[in-house]
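Residue strings, one per chain:
Protein chains: 2
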Amino acid sequence: MSTSTSAAGKIRLHHLIDERWSPRSFEDREPAESVLRELFEGANSSASCFNEQPWRFVVARKSMDAEWERMLGILVEKNAAWARSAPVLGFSAGKKTFTHNGAANRFGLHDAGMALSTMMIEAVALGLRVHGMGGFDARKARELFHVPEDFEIGAAFAIGYSAEEQPPQRKRNALEHVVFEGDWGRPAGFAR
Amino acid sequence: MSTSTSAAGKIRLHHLIDERWSPRSFEDREPAESVLRELFEGANSSASCFNEQPWRFVVARKSMDAEWERMLGILVEKNAAWARSAPVLGFSAGKKTFTHNGAANRFGLHDAGMALSTMMIEAVALGLRVHGMGGFDARKARELFHVPEDFEIGAAFAIGYSAEEQPPQRKRNALEHVVFEGDWGRPAGFAR
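Residue numbers (the working numbering), protein chains in the order written: chain A, 1 to 192; chain B, 1 to 192.
Okay, chain A solo, but in the shape it has when bound:
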């Protein structure tokens, strides 16, 4: 699939979205509790199917040594190497069933993603960055933190104040391969 490294350069996205990115190095300071609360209230304000709000988050702050080390231990080595600088680590989970009737909710993980994405953008407003990770041992996360079977493990994440500059370009698929109109694979008129 052809990619465009400058699509976001041609279009002026809102700065909160344009400045969202995933650093691999963080400053050695922990966000204040009020800041963390706002960050997760942002996530918690996200949209969800039937307003189920299926997302949950398990976090560990560096100031809580053992808990943070335990969280670091769920990451694959490649991620743990850089995430070691992050003052807050954690992972998300999505409830597999609707609370009001117990029926299967196929949007549990989808909506946990919605919430994490909202958190990433609220983070920018707070001067923070959130780096999401797929590379971690979800089974280990479930065991160590006693995640109930009714929840699917989502993504891991690192939270902190970036110690890096944002790279100038974002590598993205060209929009004509992403947005279709009329039929699958037919680029939307506005995406060409």
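Hints in this document: simulated from the structure, not taken from any laboratory. Among the hints, erroneous ones may be present.
Any copy will do: because identical chains look the same in the list, a pair fits if it lies in one copy or spans two.
Listed below are the simulated DSSO-like cross-link pairs for lysine-lysine, each with C-alpha atoms no more than 27 Å apart in a straight line [stated by the list, open to error]:
1) K96 with K140
2) K78 with K140
3) K96 with K171
4) K78 with K171
This structure is a prediction, so every number in the text was calculated from the model and none was measured.
Once you've looked at the hints, dock chain B against the given chain A.
Chain B only, in chain A's frame:
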């Protein structure tokens, strides 16, 4: 689970996130192509596992009568009733495998949710609102729009300029039931 209707009122979220909501009535005007392009570039700028960008979107604009009617037809009756006022309808899909090696990507639907959430927030910056829907016939969507088997159908959505005022309160689970620290179910210090 206890809920808090005023949590977002006590905390001051960024206005783009605070003003994201899901209207059921839209003005009778179609967003310009440049606006739709920016909206979907916003979605396309989202984070994803291994930067796979597994999201795709199929849309229909009201000005394209038959296509839009076909899209309206995938919605459950309750949603179709109000979504009839929306100038743009569509649904998302998430790729089930990584393009670089063909391995299963368990974040396909999760990351399609990430992109939709980013789009919802970019929409607010553009004066638009995006209302996501789980209530639609995903099998029918796949058949009518020829979605390949390697993609999981995500959420449907309506896009437009809201014809309603935002409700004053957002019903949300209390953060102490959403963010845990140390162990599942133990409220994070900053969430109490």
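Cross-check of the supplied hints:
Taking the shortest alpha-carbon separations for K96 and K140, both the intra-copy value of 19 Å and the inter-copy value of 23 Å come in at or below 27 Å. In this assembly of identical chains, the alpha carbons of K78 and K140 lie at most 27 Å apart only when taken from the same copy (17 Å versus 42 Å across copies). Only between protomers do K96 and K171 lie at most 27 Å apart by alpha-carbon distance; the minimum there is 20 Å, versus 33 Å within a single protomer. In this assembly of identical chains, the alpha carbons of K78 and K171 lie at most 27 Å apart only when taken from the same copy (21 Å versus 39 Å across copies).
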